[in-house]
Amino acid sequence: MAHEFLLILLVALPFAGSVVAAFLPANARNAEAWLAGAVAVAGMVAALLLWPAAAEGGVVRFAAAWLPLPGADFSLRMDGFAWMFALLVTGIGALVVLYARYYMSPQDPVPRFFSFLLAFMGSMLGLVLSGNLIQLVFFWELTSLFSFLLIGYWHHQQAARDGARLALTLTALGGLALFGAAVLIGRAVGSYDLGEVLAAGDLIRSHRWYLPILVLVLAGAFTKSAQFPFHFWLPQAMAAPTPVSAYLHSATMVKAGVFLLARLWPVLAGTDVWFWTVGGTGLVTLLLGGWCAIFQQDLKGLLAYSTISNLGLITLLLGLNSPLAAVAAVFHIMNHATFKASLFMAAGIIDHEAGTRDIRRLSGLYRLMPYTATLAMVAAAAMAGVPLLNGFISKEMFFTEAIRATTPVPAFGEVLPYIAVVASAFTVAYSLRFIHGAFFGPPPHDLPRTPHEPPRWMRFPVDVLVLVCLLVGVLPALTLGRILDAAARSILGASTPVYDLAVWHGFNRAVLMSLVALAGGALLYRLLSRYLATSPDGPPLLRNIDGRRVFERILVTLSWRWARSAEALMGTHRLQWQLRALVAVALVVAFAPLARGLALLPVAATAPDPALALVWLVGGGCALGAAWQAKYHRLAALILMGGAGLATALTFMWFSAPDLALTQILVEVVTTVLMLLGLRWLPKRFERIDGSATPRARARRGFDLVLAVAGGTGVAALAWSVLTRPPPDTIANFFLTRALPEGGGRNVVNVILVDFRGFDTLGEISVLGAVAITVFALLRRFRPAPESIDVPEQQRIQNAYDEAHPGRQVGDSRDKYLAVPAVLMRWMFPPMMAMALYLFLRGHDLPGGGFVAGLMVAIALIVQYMGGGIRWVETRLRVHPLRWMGFGLLLAFATGAGAWLAGYPFLTSHLFEPALPGIGRVPLASALFFDLGVFALVVGATTLILIALAHQSLRGPRPPRFGTEGA
Amino acid sequence: MELVLTIAIGVLTGSGIWLLLRPRTFQVIIGLSLLSYAVNLFIFAMGRLAVDVAPVLEDGTGNSDPLPQALVLTAIVIGFATTALFLVVLLANRGFSGTDHVDGREPPP
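Residue numbers (the working numbering), protein chains in the order written: chain A, 1 to 967; chain B, 968 to 1076.
It is possible that some hints are incorrect.
Which residues of chain A face chain B? A partial, calculated answer using Cβ under 7 Å [stated by the list, open to error]:
1. 579
2. 605
3. 657
4. 771
5. 906
Simulated from the structure, these hints should not be mistaken for laboratory data. Computed from a predicted structure; not experimentally measured. For glycine and all other residues, C-beta sits at the position ideal for the given N, C-alpha and C.
Use the sequences and the hints to build the structure in full.
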């Protein structure tokens, strides 16, 4: 139980710390560092406390249900290998935090830095402690994300942004591949649980998905660990603050790739494919990284390529398919983390104190900062593999393995030791360059700052790490022996080989190789030093082959050039063509099933009624007329459209749907008024009768006509084929039988709307309200076209008449315009309101309801506006549409929520029979209040839309403000 | 009966599609309205045609199918909302761009 708690703490604490760190003040460097340091140290303590359980092949587990359906639980799992990583992540994390406290300048916004750093630490811990593959991929992606944020910390710098984006693009792509691999493995094994997967090595190796799984896993691991050909993101990531580089590129981020390879080693390794892909990639990366590192002029660039090279070495060791080589790989993971972190920190100190990292400008710093120089020298010697330092031991193991390696092709095995020596000589050369270039030679001149020793506590992390390098180098078995044993045992299990961690195994071939490599590296550096003193950045032969540029070109081609071509080829900005394509596609898609349905053609049609035929003779004529006239005679088209609408309403009436007929006819009125209000703001258009349409325009119209006729015929055929066959069993009976007992109403349509499907209606009135507010907002910013601003022609004639006649005021004619209808309209107001009340109250049992009643009220109001004018109405009656809408929506929600009080689901309705004074007992449903909400919202929304549009006419007569005369 | 309604739906749809493909915004809005009539009638007809049937529950008589009616009632109201929105958008567009062409600019001659 205590172990589980520690495990959760280990992962959760950094994330919690991250949140806290984000909210500290911007200049709280000390508080941030204390917080982050405490989190890291607490994590380390938790890891140390877990040691007894994780050592000796033990496993600590914690599991909680997470995604039960795909079979992935949230589970944490710590064995020796995961423990080793947890210690590295927290231990080096604590040192990096201390270092960062002094490295970050007071101007840097530190909360962001420490928050990201802690979140990254948590992600990394989550990754190494993941107990199932899906979760592992999740944390893997989190590390990509937070490393992106960390690398791009100084986002005002172009290089930081580019480097961060490149790192994210590559590692996230790799993460995607890894996700594919995880799913495949999960499907192949039947479980995502890491323990079960690790036990299923034989199954996976012989599975037909082995190759796809391997390719996807390697795509993830190689991108993360910067293996060739994906290595180029790592040098670009050096734009990050140095503490980030020291953390991400020594112990954490890039180690995640080799962590995964080692983790899945028992499952995937052991095949020839593994040897060639993993071993081959490692070898190429080892050599390439070493070669490139020699020629870097930037200290951090040198370390970046050296990191690539070292990761290549670890990958190569894992690829050799030998348990001893795997042990060497694990050992080197630890050693590399310690010496590389200290070297990055040393490079950061030089940069911090001298103001530059350019090796060509630096020299003789030993005189100015002897202590730091000594530390850096020891660390670089460890990197070069000088005896009595930890790098030497892992290098010895590498040489031994290179000699003993059994390769699928024997000739390759013969060459491998020589390649190992060459690669090692490269390491010696660039280590020498780092030390000699920075610390020796003539005193520096012309540096941005005068270098001196850094603050004591900034150097302290380097002290600790170099001390570890020394201790491990001198007493390997005593210091790291048990940790390495636990880690190796948890990877290799029973096949863990017997090995001897000792400094001296006698004078054997490996020692000879070491000596040759040291001498060769020194010689190489001696030969190249003159060239390097002035050469540009990058190795001579490979300088022009820039992986980053190739990658960016691919990205540009894919995401920009091809996208543009595709758009140019297939896209259009013309709405008409898009609509034509839509209609045409709909026609084609609908044709196949329609043709099949028509083939049956049962004839169960009833004889046409002449009266209805007459209605549609008019209605159809109206529709065709509207289509004909909509361009040049908008008013006529609008009236004709209304005719078609009336025919529709009559049809609803005809076929026993009075509710629909009522709604249709009222909506028709509102729509017509609305469009009439809009007509004024459209441009005048006069019919051209010269017939000057071009042949192309004629062809387009012909095509449209074909589409229209085909579409109309198709829909008609569809309707015909449905109508002439007997109806299937519908769910109508469900509603018919339950409407009265459960909904308390005889008008089933209304009961469906306010009760059975009340939630739909709630959504619908919300949409209506949103539309009304959108219309209102759009019209507030409405700018009419210049030629529409003028007073309408009719009013101009009226005003001219008033001016021409003495005794008349301008505006008299306009005010008295339509005086008789206006009086009638005024008188109509009370009957219309009474009608609305009537429709509303009877809605539950007879045709009517909230919708219809709301529309009726809106019409009654707009009729007053039409008869009396805006000012006349608004001096007498202020409508507050927003209040209506708010009240309606609230009431509808409240009625729905009222059901909760009684313990029922949202919108359950309740029937009761209150006794009203003077009327007696009245059967009521709580849905009535819901319907009242609908009513209020419809009133508010409709009047808001209509009044907002009507108010635009007040804009028109406004005198021109900017003195444009004669407008 | 079915034939009349079928032809009505066809004519409404055809006129609607024709107007939908026209270049002027007012034509498109009229077209959309005609299309929505057609679609509403079509959905309504899916409940089959019932002449002289009680629209509300009465003892001892059959009923018309209430479900398509409820659907269409919703559709009519929402159709009004979209028409209103489209109208205002086209007015605003005409104010901003100075043209009532659907592309927001006059086509090249």
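Hint check:
1. Taken as an interface hint, residue 579 of chain A checks out: its beta carbon lies about 6 Å from the nearest beta carbon of chain B, inside 7 Å.
2. Here the hint on residue 605 of chain A is kept, as its CB sits about 4 Å from the closest CB of chain B, short of 7 Å.
3. Checking residue 657 of chain A against chain B by beta carbon gives a least distance of about 5 Å; that is within 7 Å, so the hint holds.
4. Annotation: residue 771 of chain A was flagged as interfacial toward chain B, and the flag holds, the nearest CB pair being 4 Å apart, inside 7 Å.
5. A cut of 7 Å between beta carbons decides the hint on residue 906 of chain A: the least distance to chain B is about 19 Å, and the hint is violated.
The structure fails to meet hint 5 from the earlier list, while all remaining hints are met.
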